[in-house]
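Undergrad: On the provided structure of chain S, position chain W as indicated by the hints.
Chains as they are written, first to last, in the working numbering: chain S, 191 to 483; chain W, 191 to 483.
Among the hints, a few may not be true.
Because identical chains cannot be distinguished in the list, a pair is counted as satisfied if it fits within a single copy or across any two copies.
Okay, derived cross-link-like pairs now, DSSO-like style, lysine-lysine, Cα gap no bigger than 27 Å in a straight line [what the hints assert, rightly or not]:
id	residue 1	residue 2
1	Lys353	Lys216
2	Lys433	Lys291
3	Lys362	Lys216
4	Lys433	Lys216
5	Lys423	Lys353
6	Lys433	Lys286
7	Lys233	Lys286
8	Lys423	Lys433
9	Lys423	Lys216
10	Lys362	Lys233
11	Lys423	Lys286
12	Lys291	Lys216
Hints in this document: simulated from the structure, not taken from any laboratory.
Protein chains: 2
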Amino acid sequence: MNLNDFLRDTRQQLENRLLASFDAPKSERLRTAMRYSLLNGGKRLRPALVRAAALAAGNDTQDWLIPAMALEMIHVYSLVHDDLPAMDNDDLRRGKATNHKEFDEATAILAGDALQTEAFAILAGADSLNDRQARQMIAQLSQAAGANGMVGGQMIDLQSEQKTLTLSQLEKLHALKTGALIQAALQLGVLCQSPLSGTLLSAFERYGRALGLAFQITDDILDVTASTEVLGKPQGSDLAADKATYVSLLGLPGAQQQAVQQHQLALGALAEVGMDAQTLLGQLATYVIQRDH
Amino acid sequence: MNLNDFLRDTRQQLENRLLASFDAPKSERLRTAMRYSLLNGGKRLRPALVRAAALAAGNDTQDWLIPAMALEMIHVYSLVHDDLPAMDNDDLRRGKATNHKEFDEATAILAGDALQTEAFAILAGADSLNDRQARQMIAQLSQAAGANGMVGGQMIDLQSEQKTLTLSQLEKLHALKTGALIQAALQLGVLCQSPLSGTLLSAFERYGRALGLAFQITDDILDVTASTEVLGKPQGSDLAADKATYVSLLGLPGAQQQAVQQHQLALGALAEVGMDAQTLLGQLATYVIQRDH
Numbered sequence: 191m192n193l194n195d196f197l198r199d200t201r202q203q204l205e206n207r208l209l210a211s212f213d214a215p216k217s218e219r220l221r222t223a224m225r226y227s228l229l230n231g232g233k234r235l236r237p238a239l240v241r242a243a244a245l246a247a248g249n250d251t252q253d254w255l256i257p258a259m260a261l262e263m264i265h266v267y268s269l270v271h272d273d274l275p276a277m278d279n280d281d282l283r284r285g286k287a288t289n290h291k292e293f294d295e296a297t298a299i300l301a302g303d304a305l306q307t308e309a310f311a312i313l314a315g316a317d318s319l320n321d322r323q324a325r326q327m328i329a330q331l332s333q334a335a336g337a338n339g340m341v342g343g344q345m346i347d348l349q350s351e352q353k354t355l356t357l358s359q360l361e362k363l364h365a366l367k368t369g370a371l372i373q374a375a376l377q378l379g380v381l382c383q384s385p386l387s388g389t390l391l392s393a394f395e396r397y398g399r400a401l402g403l404a405f406q407i408t409d410d411i412l413d414v415t416a417s418t419e420v421l422g423k424p425q426g427s428d429l430a431a432d433k434a435t436y437v438s439l440l441g442l443p444g445a446q447q448q449a450v451q452q453h454q455l456a457l458g459a460l461a462e463v464g465m466d467a468q469t470l471l472g473q474l475a476t477y478v479i480q481r482d483h
Numbered sequence: 191m192n193l194n195d196f197l198r199d200t201r202q203q204l205e206n207r208l209l210a211s212f213d214a215p216k217s218e219r220l221r222t223a224m225r226y227s228l229l230n231g232g233k234r235l236r237p238a239l240v241r242a243a244a245l246a247a248g249n250d251t252q253d254w255l256i257p258a259m260a261l262e263m264i265h266v267y268s269l270v271h272d273d274l275p276a277m278d279n280d281d282l283r284r285g286k287a288t289n290h291k292e293f294d295e296a297t298a299i300l301a302g303d304a305l306q307t308e309a310f311a312i313l314a315g316a317d318s319l320n321d322r323q324a325r326q327m328i329a330q331l332s333q334a335a336g337a338n339g340m341v342g343g344q345m346i347d348l349q350s351e352q353k354t355l356t357l358s359q360l361e362k363l364h365a366l367k368t369g370a371l372i373q374a375a376l377q378l379g380v381l382c383q384s385p386l387s388g389t390l391l392s393a394f395e396r397y398g399r400a401l402g403l404a405f406q407i408t409d410d411i412l413d414v415t416a417s418t419e420v421l422g423k424p425q426g427s428d429l430a431a432d433k434a435t436y437v438s439l440l441g442l443p444g445a446q447q448q449a450v451q452q453h454q455l456a457l458g459a460l461a462e463v464g465m466d467a468q469t470l471l472g473q474l475a476t477y478v479i480q481r482d483h
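Next comes chain S alone, as it looks inside the complex:
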């Protein structure tokens, strides 16, 4: 399967499963708000990473689906909360009204809260996972999502506004804010397969770290080079918010050079375990720096 087919098939399978969930809700409004953001057409990069990592570990079953759904719920909840007026105060996300604009602030807070809970609920309740797998996946995902991962990064990000960061501080921030969840995607994929490959886990940790940075640097680049229409949110919004970015620190050519470097590091980590740039994970690394939104 080529990369585009793989991404499309992953999106379709994931969204079919997401559509089928949340039956018999106690609150129709809450469910509608959760689904609104969950099915709001993301690239589904993290689910694709879960699946590609599981495949690389030798698991070609549907085992990737549950951890991919859980991870995507965590990712989407974080977007819903990040968009809130008290946080980034964004009106648009992927070209559509953000959750609190479509519904209201209270609903967006609760929908985000419930999406986070549901992520752990589906891992704990999945028939396809044994007790050890379910527990390890929950451990990895909660570490990546919590105070010493994604949420910690978001807090540091908010405190960093209108401050000048060094490159090293910016890297630390993004290692938490976006990197932790990307690394978790790879770990969850490897955890689909038993026995666990320690070699793969450690190579994927390096691959994930580089991929996460490449992803963030590319986001920063797209913020100044892509149109509002293609981005689905206002061009230059980081600039407007006076945020430290790779572009503001290194200039556009410097940022582009950094993205290429991280791309090379990611491919290098794959090479250590005998994988080349043409594998799905290699192609995903290339996709991450070449995407247009």
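TA: The following block gives chain W in isolation, referenced to the frame of chain S:
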């Protein structure tokens, strides 16, 4: 141990463990905000229920501590988010500034988010739990906390403001909003002990349902009978927000009668498994309707 000693000892053990957690935080501000609400002097009723249920199931070890901490983190995160301006907009909680008043809204949102994550992280990471226990506790807690439990109840509560509810609608609302977590406390306690006692689980489900209602009815009564000083929040705040309560539906004497009825139902469920009103769970049921705040 009498009830007061039991409650005090439970509080102390729980708070000692909470104080020792969150080492080496990535964001000092986030940790400070999480600890601020987590150590803000609650009654710790839910942890006491976990411990009393574990004891009743025959487990007198410290196994109750991890699930009690997890449950309290879920409870506290929900309070932090409920107090936000977009939700109940409360300035005071237990006589102190609410989280967003002490810090700011963004910090309160993130502290709540991270507390929820941490609840699942400590269950997944606890050495004292085997894989099956950890997974079952996470399954129970996430079911109780999510869209078909606590958060669903909170959503229904917000949609019910300025509406007249029937008694049955009010009961459904509270079964989700506060009842689900109280029931989870008992389930988590029973799950500390293996093999699992199905008889105990089903009796505690009935006990928990009645206890949760007794708790909520008493809250509604205290809102009109207790002073602002004793409550730690403004007296009559439900009334001011035009909320449907047991007092607004049934009047004060009617609400008091309902609390007594639920108390009797709780004791009756205990009697089915050979426990009397003098056991810790019996005393806790009495404490719930006789407390002054």
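Undergrad: Looking at the structure, which of the earlier hints fail to hold?
TA: 9
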